Amino acid sequence: GAVVSQHPSWVICKSGTSVKIECRSLDFQATTMFWYRQFPKQSLMLMATSNEGSKATYEQGVEKDKFLINHASLTLSTLTVTSAHPEDSSFYICSTGTSTDTQYFGPGTRLTVL
Amino acid sequence: GNSVTQMEGPVTLSEEAFLTINCTYTATGYPSLFWYVQYPGEGLQLLLKATKADDKGSNKGFEATYRKETTSFHLEKGSVQVSDSAVYFCALPFSGGYNKLIFGAGTRLAVHP
Chain A
27 GAVVSQHPSW VICKSGTSVK IECRSLDFQA TTMFWYRQFP KQSLMLMATS
77 NEGSKATYEQ GVEKDKFLIN HASLTLSTLT VTSAHPEDSS FYICSTGTST
127 DTQYFGPGTR LTVL
Chain B
7 GNSVTQMEGP VTLSEEAFLT INCTYTATGY PSLFWYVQYP GEGLQLLLKA
57 TKADDKGSNK GFEATYRKET TSFHLEKGSV QVSDSAVYFC ALPFSGGYNK
107 LIFGAGTRLA VHP
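Chains as they are written, first to last, in this note's numbering: chain A, 27 to 140; chain B, 7 to 119.
Okay, chain A solo, but in the shape it has when bound (with noise of 0.2 Å):
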């Protein structure tokens, strides 16, 4: 299957800084890529939806000027968080695939905000 990479693994860095994290697919053309945020002990929520070549699609309740996606490439999918605050603390997990039935997750990268 398809193999999804994410980098960093894991962050920290202060308040009111801006973190990027990225995710790639390793041997799969992904036009789209989903990216979920787990907060400790709970469940994954879907943020947005990051489309190649054009603008992501956000879940409501996401700020979309404080999650930025770029999906500039069939391969590779960033999310930056700006100006990031201690609640922004989180697992961020994205996933991509040809399918609902066939979705391959990354790793996640677990962002720390001091």
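Since the hints were derived computationally from the structure, they do not count as laboratory data.
Here are the simulated DSS-like pairs of lysine-lysine, each with C-alpha atoms no more than 27 Å apart in a straight line:
no., chain 1, residue 1, chain 2, residue 2
1, B, Lys106, A, Lys92
2, B, Lys66, A, Lys67
3, A, Lys90, A, Lys46
It should be emphasised that the depicted structure is a prediction, and the values quoted were computed from it without experimental measurement.
Put chain B on the given structure of chain A with help from the hints.
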């Protein structure tokens, strides 16, 4: 829209015990249903799936049957091992599909020798 409710954890079992993790869903039509597993320090992996009513998904000794009468997809394993310790998520697609998933709250399983 579609939704899923999953049994709260944590679940603590001794090795070789029987496992059941309950999952019920609300959905338009009959979407595919999934169980994903997240081992410590790793990403989500598809454990099993069922694509239509009465289907039974199975993998690594785990089973789940798609029951439309009770709108359930409970995960079972007859004899758990320490290596099964992980977080298990029940999931189904968003209404309208688009390949995005709705996840249950997750159930943490701890198996002790």
